[in-house]
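Using the sequences and the accompanying hints, generate a full structural model.
Chains as they are written, first to last, in numbering that gives the first Met the number 0: chain A, 0 to 228; chain B, 0 to 412.
The hints are simulated quantities; they were obtained by calculation from the structure and are not laboratory data.
Possibly wrong hints are sitting among the right ones.
As the list claims (entries may be wrong) - For each label pair, taking beta carbons as the anchor points, the in silico distance ranges come out as:
1. A/222 to B/9: 39 to 49 Å
2. B/401 to A/17: 21 to 31 Å
3. A/71 to B/403: 10 to 20 Å
Built from N, CA and C at the ideal position, the CB exists for glycine as well.
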Amino acid sequence: MSALIEADGLTRILPETVPVTLVKDVSLSIDPGEFVAITGPSGSGKSSLLYLLGLLDLPTSGRLSVDGRDCGDMDEAARARLRLDKMGFVFQFHFLLPEFSARDNIAIPMRKLGRLSRGEINDRAEALLASLGLEDHVHKKPFQLSGGQRQRVAVARSLANDPALLLADEPTGSLDSKSSEQVFSILRALVREQGKTVLVVTHDMEMAGRMDRRIHLVDGMLADAEATV
Amino acid sequence: MRLILDIALTHIVGRGRQTFVAVIGVAVGVGFSIAMAALMQGGQDDFVEQLIDTMPHVQITDERRTSKRQPAEDRFAAAQISGLRPPDDRRGIINPTAAMAWLDAWLPGRYSASLRTQGVVRYVGREAGASIVGVDPATERAVSPIVGDFVAGSFIALGAGGNNIVMGDRMADKLGAGLGDTVSAVSSTGLSRAFRIVGLFHTGTTARDEGEAYILLKNAQILSERANAINDIRVKLDDPFSSPPIARRIEAELGYKAVAWQEASEGIMEAFVVRNVIMYTVVAAIMLVAGFGIFNIVSTITHEKARDIAIMKSLGFSQNDMQRMFVIEGLAIGGAGSALGWALGFALTTALASVRFELDAGGQEITNLPIAWSGLHYAIASVFALGSAAVAGYLPARRAARLNPVDIIRGAS
Numbered sequence: 000m001s002a003l004i005e006a007d008g009l010t011r012i013l014p015e016t017v018p019v020t021l022v023k024d025v026s027l028s029i030d031p032g033e034f035v036a037i038t039g040p041s042g043s044g045k046s047s048l049l050y051l052l053g054l055l056d057l058p059t060s061g062r063l064s065v066d067g068r069d070c071g072d073m074d075e076a077a078r079a080r081l082r083l084d085k086m087g088f089v090f091q092f093h094f095l096l097p098e099f100s101a102r103d104n105i106a107i108p109m110r111k112l113g114r115l116s117r118g119e120i121n122d123r124a125e126a127l128l129a130s131l132g133l134e135d136h137v138h139k140k141p142f143q144l145s146g147g148q149r150q151r152v153a154v155a156r157s158l159a160n161d162p163a164l165l166l167a168d169e170p171t172g173s174l175d176s177k178s179s180e181q182v183f184s185i186l187r188a189l190v191r192e193q194g195k196t197v198l199v200v201t202h203d204m205e206m207a208g209r210m211d212r213r214i215h216l217v218d219g220m221l222a223d224a225e226a227t228v
Numbered sequence: 000m001r002l003i004l005d006i007a008l009t010h011i012v013g014r015g016r017q018t019f020v021a022v023i024g025v026a027v028g029v030g031f032s033i034a035m036a037a038l039m040q041g042g043q044d045d046f047v048e049q050l051i052d053t054m055p056h057v058q059i060t061d062e063r064r065t066s067k068r069q070p071a072e073d074r075f076a077a078a079q080i081s082g083l084r085p086p087d088d089r090r091g092i093i094n095p096t097a098a099m100a101w102l103d104a105w106l107p108g109r110y111s112a113s114l115r116t117q118g119v120v121r122y123v124g125r126e127a128g129a130s131i132v133g134v135d136p137a138t139e140r141a142v143s144p145i146v147g148d149f150v151a152g153s154f155i156a157l158g159a160g161g162n163n164i165v166m167g168d169r170m171a172d173k174l175g176a177g178l179g180d181t182v183s184a185v186s187s188t189g190l191s192r193a194f195r196i197v198g199l200f201h202t203g204t205t206a207r208d209e210g211e212a213y214i215l216l217k218n219a220q221i222l223s224e225r226a227n228a229i230n231d232i233r234v235k236l237d238d239p240f241s242s243p244p245i246a247r248r249i250e251a252e253l254g255y256k257a258v259a260w261q262e263a264s265e266g267i268m269e270a271f272v273v274r275n276v277i278m279y280t281v282v283a284a285i286m287l288v289a290g291f292g293i294f295n296i297v298s299t300i301t302h303e304k305a306r307d308i309a310i311m312k313s314l315g316f317s318q319n320d321m322q323r324m325f326v327i328e329g330l331a332i333g334g335a336g337s338a339l340g341w342a343l344g345f346a347l348t349t350a351l352a353s354v355r356f357e358l359d360a361g362g363q364e365i366t367n368l369p370i371a372w373s374g375l376h377y378a379i380a381s382v383f384a385l386g387s388a389a390v391a392g393y394l395p396a397r398r399a400a401r402l403n404p405v406d407i408i409r410g411a412s
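Have a look at this one:
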């Protein structure tokens with residue numbers, strides 16, 4: 000099976016007065032269907048690595064390919080297109096667009112991709128909300144939802160275009176334990192039942208221990224990578 | 000594109016009060032620009048119309064613009080003669096019958112031939128210098144508005160038989176003469192003839208009212224001892240704006256100076272160009288000020304929506320999408336302001352058109368402000384408004400598009 004993500008010597012240095020190295024010489028490979036935790040102490044470069052793998056940031060050096068495509072030569076529009084088509088993001092905060100309802104927030108990536116009709120988009124958005132137990136909150140705006148509900152809407156939005164890869168940056172970081180468990184269960188089900196590849200940045204070692212594999216970073220460098228299942 | 004439009008509209012509707020102020024700013028700019036343009040264009044059109052009515056569209060005189068080609072130039076290829084001036088030979092248009100026959104054949108309009116001569120008009124010991132114009136009343140009526148300027152008698156009476164004269168009312172006042180009095184006209188050659196005043200006109204132009212008198216063409220030829228001579232042909236065209244090429248054609252054929260009304264009023268026409276430049280500069284300045292309002296709101300939105308910009312980029316929106324979104328926001332405000340400004344401009348123009356005032360010193364003539372109703376004014380004001388809106392939206396949009404999503408997400412986290 001060919002890897003979904005392959006990174007070779009990824010390095011990201013911020014060009015400050017005193018350059019700051021966020022990620023240093025990271026090489027890794029992630030296969031389709033893997034449930035991977037990225038762990039490490041604060042400031043170890045976990046989120047920076049996730050942003051590089053999600054094409055939100057550009058490496059200072061090193062090579063990265065996603066779904067067999069070399070990302071080094073891609074322009075900004077091509078990277079945006081690849082994100083739209085193949086990736087979904089979940090952040091620590093929901094980052095829903097406040098003026099739009101839960102359904103419309105989920106519809107936005109689908110409308111941007113343009114593969115479905117408006118009716119199909121609404122049906123899919125409502126189905127995604129229902130699958131996450133939010134069928135009664137379709138028309139609610141983000142401020143009308145609880146923290147856990149918002150985060151589930153954010154997960155639903157990340158799944159809108161049926162991406163192969165889900166990248167989550169501390170997705171349970173701002174949630175209580177019950178909501179955290181709900182979100183974790185959803186992510187795990189995506190891997191187990193739909194074969195998605197999910198990368199989760201987390202501080203929670205217990206949660207990381209329940210994933211397929213853990214990538215541990217220290218000072219931006221790969222400390223070890225181990226299979227946990 | 001529809002999605003970007005939806006998000007853009009959601010942004011500006013979400014900031015109702017600021018959007019309203021920005022839209023009103025544009026609307027006021029567009030509205031006043033339209034009204035100002037209608038008033039200035041109206042004034043200009045009115046002036047030009049009066050100019051066209053009062054002036055001949057083309058005036059042919061017995062003057063030459065350039066000297067004739069010299070025989071040496073025809074004989075020797077190397078001959079170059081410079082500095083020649085046309086002879087000051089003002090003996091009238093040579094062979095006027097042929098010239099008029101040629102004009103009759105093709106001219107899209109009417110003309111009147113006349114003999115203009117300088118002389119003195121005398122009455123009971125008083126005298127006034129005069130430009131005495133010999134005309135054919137039948138043809139003169141077709142090219143001259145003077146027929147309508149009579150305060151006593153009429154122009155037609157000139158041809159009623161006998162030696163008749165019509166003159167400006169101020170000249171008559173100067174001489175102390177009135178309708179029915181007999182004056183004597185003395186030409187520059189010293190020949191004198193008696194004429195009975197059959198009409199007094201008042202054009203409003205002092206030089207004419209004080210110094211112009213009309214007699215029959217034949218009498219003018221006798222008075223100036225120039226049998227069958229004419230030195231002035233005045234043309235009124237069906238289309239006054241076709242004057243320049245027609246004047247050029249006449250001058251090329253007859254060799255005499257033919258001046259179109261545009262050339263004769265060149266200074267005024269240039270002044271209009273300068274006035275229009277000033278007007279559109281003011282319009283641009285108004286729109287620039289309105290543009291700052293748009294810049295302010297779009298800039299505020301991009302600042303407030305930095306997190307949304309980052310999240311939309313993470314969802315797969317490109318820099319171009321972001322830029323387009325905020326330019327659309329600027330254009331939407333500019334477009335709404337333009338539409339409202341059209342209504343305001345129409346209302347202001349209608350109000351200006353309804354203003355009535357007394358123009359004549361005697362309080363007799365009631366007139367309205369001259370207004371030009373033109374779709375072009377609406378289009379130009381909107382182009383200015385949308386242009387400034389696009390620029391005002393583009394600058395913050397470019398900045399927003401270049402935001403690094405990672406910086407914003409980290410900051411928000």
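Outcome of the hint check:
no.	hint	result
1	A/222 to B/9: 39 to 49 Å	holds (45 Å)
2	B/401 to A/17: 21 to 31 Å	holds (24 Å)
3	A/71 to B/403: 10 to 20 Å	holds (19 Å)
Consistency note: the structure conflicts with none of the earlier hints.
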